[in-house]
Every structure is written in C-alpha cells, then in structure tokens.
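Asks: Order-wise, the sequence lines are chains A and B.
Using this note's numbering, read the first sequence as starting at 1 and increasing by one per residue.
Using this note's numbering, read the second sequence as starting at 547 and increasing by one per residue.
If you're looking for bench data, these hints aren't it; they were derived computationally from the structure.
It is possible that part of the hints are untrue.
Here are the simulated lysine-lysine pairs, DSSO-like style, with alpha carbons at most 30 Å apart [to be verified]:
{"#": "1", "chain 1": "B", "residue 1": "K795", "chain 2": "A", "residue 2": "K195"}
{"#": "2", "chain 1": "B", "residue 1": "K885", "chain 2": "B", "residue 2": "K612"}
{"#": "3", "chain 1": "B", "residue 1": "K795", "chain 2": "A", "residue 2": "K277"}
{"#": "4", "chain 1": "B", "residue 1": "K583", "chain 2": "A", "residue 2": "K515"}
{"#": "5", "chain 1": "B", "residue 1": "K768", "chain 2": "A", "residue 2": "K194"}
{"#": "6", "chain 1": "B", "residue 1": "K975", "chain 2": "B", "residue 2": "K957"}
{"#": "7", "chain 1": "B", "residue 1": "K920", "chain 2": "B", "residue 2": "K583"}
{"#": "8", "chain 1": "A", "residue 1": "K415", "chain 2": "A", "residue 2": "K277"}
{"#": "9", "chain 1": "A", "residue 1": "K498", "chain 2": "B", "residue 2": "K885"}
{"#": "10", "chain 1": "B", "residue 1": "K718", "chain 2": "A", "residue 2": "K194"}
Which bits of chain B does chain A cover? Going by a derived footprint, with three or more residues having C-beta under 8 Å, they are [what the hints assert, rightly or not]:
{"#": "11", "region": "553-562"}
{"#": "12", "region": "739-751"}
{"#": "13", "region": "827-840"}
{"#": "14", "region": "858-864"}
{"#": "15", "region": "952-961"}
Quick caveat, the model's predicted, so the values are computed rather than measured.
Every residue gets a Cβ at the ideal spot worked out from N, C-alpha and C, and that includes glycine.
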Amino acid sequence: MTECLQLAGGKVYDPANNIDGDIKDIYIEQGRIVETPSATPRKINVSGMAVMPGGVDIHCHIAGPKVNLARKLQPEDHRLDPHPGTEQTRSGVGGSVPSTFATGYRYATLGYTTAMEAAVSPIGARHAIEEFHDTPVIDKGFYVLLGNNIFLQQLLREGRKEEFRHAVAWWINATKAYTTKLVNPGGDEPWKGKKNSRVGNIDEKSDVIEVSPRQVIDAFIGAVNELGLPHPPHIHCNNLGHSGNFDTTLETMKTAGDRRVHLAHIQFHSYGGEPGKNPKSASRQIAEYVNSHPNITCDVGQVMFGKSTIMTADSALAYTLRGFKKAKWVNADTECESGCGILPFSYQEHIYVHALQWAIGLELFLLSEDPWRIVLSTDHPNGGSFMNYPKLIRLLMDREFRKEEIKRVNQKAVKRTLLNELDREYTLNEIAIITRAGPARALGLKNKGHMGPGADADITIYDEMEDKEAMFNAPRYVVKSGNLIIENHEFRRDYTGKFLHTEPGYDASIVDQVKPFFENYYSIEFDNYAVDDSYLHDHEVIASSP
Amino acid sequence: MSGENVKIVENATCTFCGCVCDDMVLTVDLDQKRITKAKNACILGRAWYAEHYIEEDAPAAMIDGKPASIDEAVEEAAKTLVDAKFPITYGLSDTTCEAQKQAVAIADIIKGSIDTTTSVCHGPSGIAFQGVGESTMTLGEVKNRADLVIYWGGNPAESHPRHFGRYAVTAKGMFTPRGKKDRTVVVVDVRKTPSVPAANQFIQVKPGKDFELLWALRALVKNRKISPNIEEITGVSLETIQALVDKMKNCRYGALFFGMGLTMTRGRHFNSGALIALATDLNEYTHFVAKPVRGHGNVTGADNVMSWQTGYPFGVNFSRGFPRFNPGEFTTVDLLAKKDVDAALIIASDPASNFPQAAIDHLAGIPVVSLDTKATMTSKLAHVAFRTATYGINTAGTVYRMDDVPITLRKAFDSPFPTDEEILTAIKKRVRALKFPKNQAGDKVPPGRASQKEHWKH
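With these hints in hand, go ahead and build the complete structure from the sequences.
Replies: Structure follows, in structure tokens:
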C-alpha cells in the first residue's frame, strides 16, 4: 500500500545531492522519490523537521545461525526488555540480541531502513534468509563467509586464480549473498585442526593448506573487483583485539594496493603496544592511512558501555575473551567453511582496556578526514547494540557532552589517547553521510542513501532538537519504500522489507570442480546446498559491473 | 498396476529422525501413491517410507468426530482458540519451519502458550545450553576431523542408525581418510546397548550416576583429586576414568554426543550441563565439541524458529502480549497436569498417547484442535481434527538437522490433504479477524490502535 506523499517544508539533508539543510518538498510515488507526482499527493507538513534518507547499517549481526545461537543462549538478556506486539506488529524480545521482529521494528524506530548482516556461513545462508523473512520493515542482505573456505584455499595453493574467481561467484550465487566476507582469513585451520592455536602474522602459511592470510586477502580483493560486485570484500582482519594489531591492519590495507576494500569494525584493529600486554591507541596511524587511500572504506565498530554480545566467526578470539571471565561460551565449527564463537560481554567505564577501546573509536571518527569513507557502526552487538546509535551520534556532534562522558571513564586510558585534544563536532550533514549516504555509496546501493528522483522512498524525519540523542532516538515519521510506517511516533503498519543480493557471472563448469570436493567432505548433498529461488520473497538483485 | 507411472526423486530428505539424511533416492509409484524403494535409507527410514500411504477416503477435517469442510473446521478451530482464556499450542517437531512460523504467529495473536516436543526430550539440554554455552559443530566436522568420538546415554545404532556411517564412526573425511581406523570410539551407558559393538571401549556407569562420573572427569581434566570411592559411586574404576581423561586431553579433535539417557534421567539439565562443561574444559588442552543427538526430524527447526521469533527455544507464553520463557511453568505437561489451560492446538504430535496420565486426563476434557497426517489418540479426542500432508513426502519446506544445518525438502508426490502450513495460515487469518475485527488486512494493515511506545525504547 504505497502512497503518493508530499513531505512539505522540511529541512532536507541529502549530502549525495549536495543539499545541506535547504527547505525543500519531497514527493513520493509508487515507492520512489519523484520530481513531480502524477496524482495529488497526501501532504504532510514537516516544517521545522530534519528530513534525511533512511539509515543504512553496513555492518551488523542480526540474522543467521550464530545470531540465533546467541539469542537462545541469553534468556536473561531478553526478559528485562520485552517488546509487546500491537494489532499491526508482532511481539518479541529485545536485549543485545533481539528477536527478528523486534530487530526490524527497532531499527525502524531509529530511522534505519537498511541493514546488512555481516557474516553468514554458506551452509547457514538458508537460515539467514528465513530469519530475514521475519525481520520487518528494513531491507537487508548478508555477506557470505569465504575467507576460511578449504576448497577455495586449495585452488589458491594450486595457483588457479581464474577458477578461484568463478568459484567465488558460484558461492555468492548459491547462497544469494551480497558480497564476500573474510574473517580472520586462514585462522580456522589452526583453531580447529591444531588444538586451538591462532595465526600470528599474515605471512604465516598454514602447514595444512600452505596458503598465507595475505594470499587469501589478495586473491579475494582481486576476484571481487574483477567480478564487479557492488561492494568489495568486507574484511575482518587477523589479530582482532590483540595489542599491537595495527601492523596487521596496515599490512592488510597495503595488500589491497589501490583496489577497493572495506575494513570492518576498524576500531578493534587499531591497537598499539606489545602482544599480551595492555594495548595503546594506534588510531593516528590507521586514520592517516585510511585518509590518504581513497580506495578504502571502513566502519568503526564503536564500543559503547554496557551489555554487549560477542559473536564472531573469529572463534579463536571468542575463546581468548572467554579466558577473562570463565562464563558461558559457545563455539560452533562449520564444516569446510567457517565457525563462530559467542559469549555475553559488558564494557565498563572503569576498565582500562574498555575505556581505551571506546576512546579509540571516537578518535577514529574525529581524525578521519573523509566522512564518505568512515561509517558509523557498533558492530552490533559486539561493540554494543545498534540501539546505542543515537548516543554515539550525540558524542560526535556535541563536544561538551563528550567532555562530560570522557570524565566518567578510566583516565589512565584517556591519557593514552588524543581524545581530549580533539574538538571536532560532526554537523548534521556529516551525520547524514556517515549513517546513510556514505554506507549506501560504499555498498553500491545507487537507489539508497539519497533523495534524488528515482531513489527508493526510504525516508526518516526527525524533530530538530538540541539534544541529538533524543532527536535520533525517535523520528516522527519513517517512510519505507513509499509506505508510511511510523507516523507521529506510532507504528501504522507492518512491512516486510526487501532482500538484497547479487548475481555475479561465472563459468558454470566450475561446478564440476566444486562437486567432487563437496561429495567427499561435506555432510549434505551438493544438490541440497544451494539456496533455491523459493526462498526469495520481496527481493532485489543489485547489479555487478565487471 | 504399478511400474507404468513411476518417478525417481533424487537427493530427497528423510525426516524420520534428527539425522535428516538428504541422500535418499526414492522410487515413487504415482498410481499407487506409494514409495516402493528408498535407496540409502536405514531400517527406520525404509519403514517410514514403506508404511506411508494415503487414506484417500479419510475426511480432511472433522468436527466432533463428524466430517466437515475445511472452511468450517478452520472457522471452528479459530473460534475455539479465540474463545479460550488460556490456549496452548504444542508439538511442531514433525512439520516444516514454514508451518512452525504460522503456529508461533497464532500463539502471539491469541496470547497463549506455545511449546514443542523439546520440553519432553532435549529441553534439559536447552536449559544447560543457556547456563553453560556449548562447544559444538556441524556433523561434517566430526566426519572430517574427529579422532575421538564418545556417545553418552544414547543408542544411535537403534535410534539414529546412520549416525555412525554417515557422520561419526566409519565416515571417512579430510583428516580421517581411513574412517574408523582413524578414530577411537567410546560408548558410555548404563547397559550394553546394540551401539556398543561399534565402539572400541564400553564404559558402564551405574544408573543415575552420570553426573557423578562427568564431574569426576571434569575434576581429573583439571588435575584435581576425586573421591577414592569413585568406583563404588559410579561403577567405573579410577584407572578407567583417568585413562579416558588422557585420551580426551590428547586427541586432536574430540566429540561428545549425548542422548536422552542423560536428559531424561535424574539430574536432567545438570547432567547435560556437566557434559557440555566437560567439553568446554577440554578446549584448554585440545579442540573438543559436544552435541545432543536430537530425535524428531525437525525438532531442531522448532527450536530455531521459536528462538528467532520469540527469543526462547520452547516453553513460551504470550499472555502479557510479549514472549516469556519459563520451563516448568509454561511447558505443556505442567500446564495440562495443573489444569491451567482451557484449549489446545496440537500440531504433528500425539500427546494423548505418550503424556503422563494427569496431563492426558485434562487434555481429554478441553477443546482440542489437532493437525496430523493420520488418526491418532489425540485426533480422536479432538474437537476439530485436520488431516494434513506428510512433510518431506507430500510437502516441500525447510527442516533443520540436529546440528542446525537447514535443508530443503523435496516433495515426492501430491497428497489430497492440505499442508500444516496451509491450515495454520488459514487459522491465523481467521484468528486475527476475530481478535481484531477492525483490522482485517493481515500482515500489511491500515492504521489501528497506538503502539505501546514506552516499551520500544531502552
């Protein structure tokens, strides 16, 4: 039930079209933004309000096997945060890992209309898509985990680059993914096969597969760029969370040369210091490299104090963290492909490392020179829930508030950062870039993140308020694909949202190579592995441009 | 006769047990509407297929034992559920995820309870999982990597016959090219089951002493002292326990499978919790995983659908307008035996034949809506009974194997009966219409009453 709407008299923030707070009417027809509508639109007076494209989350964990394990694991996380249903909407539960329905509705209540699940194992793709059906309002897609895929690594060992590219494309098609995700590339084999050990540096070759992480990274960046996927490989570097890991991060970026690459939750990869000892901030080195290399995009993975859930395909990391607090922990190995680790976590202001992580994230935001290439994220729920985004926006926009917050955290940590010297305040236009226009551009979503004619009518309208946390916490209107979902802060209807995926081309004969490996080492039949089209409901294929 | 109109279905999936083997080659006689051959099936699977036939003459729906149209029955079922003060939905583990999703939606709308057969099988493992977590894996990892496999309190040779060959004992994989020769297999049980001959070692524990034995193993793994009377307590000598500890610590990739011998005996979730904790502890020395061997074909799917829609795997109540979880309070046997519920929607399960008598007695006294592929004790006492198509044979859809791997079903041939999903979707629509008469447009609906905003933000 899309409507013909006129959003009249609002202050429009549309950085992709160089509109910065101009008073302008926006017209919507048949789910898209139009110059002039063909019918008489329903007029909504939004004067005095800020009009922005719907938010785009480039990196979160909201659907699939590991997310559901984390849900099952934590009844205590849900019980204090119920999410009642209405006549229009389903009920659910919140906490750091909300149920699917609550996830979709809560993103909408922040004005977010697109979110990308950042790590799904190929064999779990069907599961993730099933959950997406039950994740309302938002458009969504996922990145498929291929960085520890044994078959692909065997091709690399044998130097079969061409076949590697075809196989990568086959896997993306078979799982209906958006792009490839590398997590701790090359790190699974030591974890699963060598008694829980880990990769130290990215030139260390696995003695089983005889391929180094750098070779894997290089091959994926090459293949995905040749395939012309709308979003480059999305990389979770090796050594996440370890002191001194910024070297690994720099080496990973250098491996890309001038080719497109996205670095995920870069805050967790910007630590100086000696391995095994307390970390220091290396945000200046990382920010400088990113600033001077326009081929690189990244999201921050800001840490926010309070409850979080660690959930990562970096199983070895989850096990390391479990060592700090011998509480419940999940490890789940996925045959031939991947695995994951999960544990409940909380970031506390008085703890040196947590305060340092929080400060490093803010440093990266404030030191970055090009807002188009740094995206707001908390690596939900790893650094904290996406429900923290409004507070994070206030920390970036409001220097005085930030100063007050800095006083509340471990001062030894703050002194080891530049945070007290950074006076920058983000403008509303810059916030519109790091939460919408930038991530949409980095994802290659041409119809999102802006409000020019032809764009998807995903629009959020906020009351302009001094307190930016309050402002971004409760949009007055949210329009999704032309449907007025939230009106005067109330849900007016339910909406399914679209599933976004890509279909890069490949030589079909690659199947003859994959199949024998599959028959030997997987535990399901090859013909039952690919996700068939019956799982697609409302969906959109985002074009590749090889 | 037969032979003329035959169809072969390759890579079909057997949903009889939690192994969910997806390599069936089914020969279907379309005239007879029978599966005449199921290549690769085990003895249980062969029986599952061979005994499947369609009772063409049976009514698709009955109200109070009399044939009714499906529309009438849907209407009566919806009324029954909406009129109830405290309805419960139960079963779900032998149907598709697509049907399970509709069932949860109904429970949400009518603000009732919903529970699955998990509460009477591996529910304690679910509770243990919530307390301890779990180091676990997909079954292919065991096939490829495991050099030590331990079965505890389960008898897969009879309950999951292909578990040995396909996944865990004789299966040949990447780092276990010689199959059984590359691994050590241990069975721990209270009696010598038919699974024991497949093992290198059998450890007989005294009935009801699994927890004590597991705790002793945990202590020795951490080099702590244990009671000198351990043999008297558990029936297993200190030397045997120590030798097993050494095996576990020194293997390359160890896997512990456990069954209802742990979860449904004294100790319940303490038993499964101890076992999971043992696997977790062993990760300080090597790579170790654990996995409950689940029973029904899609009980794992039911756990998954419940968890993503409500946050909890079973025993969920919606009476306050949002999901709450409390096993013991909202689990079906307890709700029936305490006479708390006044109507029941039973899907693909037969509690009237296998629940405790007190629970059955109450079930017989309240209006029941049942969905099953055949007549059961439950359908016989039901107020409204639907006969539905068999999942995996007469319907497509999704199921989850015991290790959370989702698999798509292939339909072998058509059934004259509707699917669970179709009936539940129809009931959901009517329930919604009766419950919200001003708001009948289904999922995409026009403006209605205000949302309860204060709950949305935290």
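Asks: Each hint should be assessed against the structure and marked as holding or not.
Replies: Hints, one by one, checked against the model:
no. : hint            : in the structure
1   : B:K795 x A:K195 : holds, 10 Å
2   : B:K885 x B:K612 : holds, 27 Å
3   : B:K795 x A:K277 : holds, 29 Å
4   : B:K583 x A:K515 : holds, 26 Å
5   : B:K768 x A:K194 : holds, 21 Å
6   : B:K975 x B:K957 : holds, 26 Å
7   : B:K920 x B:K583 : holds, 22 Å
8   : A:K415 x A:K277 : holds, 17 Å
9   : A:K498 x B:K885 : violated, 44 Å
10  : B:K718 x A:K194 : holds, 19 Å
11  : 553-562         : holds (count 3)
12  : 739-751         : violated (count 0)
13  : 827-840         : holds (count 5)
14  : 858-864         : holds (count 3)
15  : 952-961         : holds (count 3)
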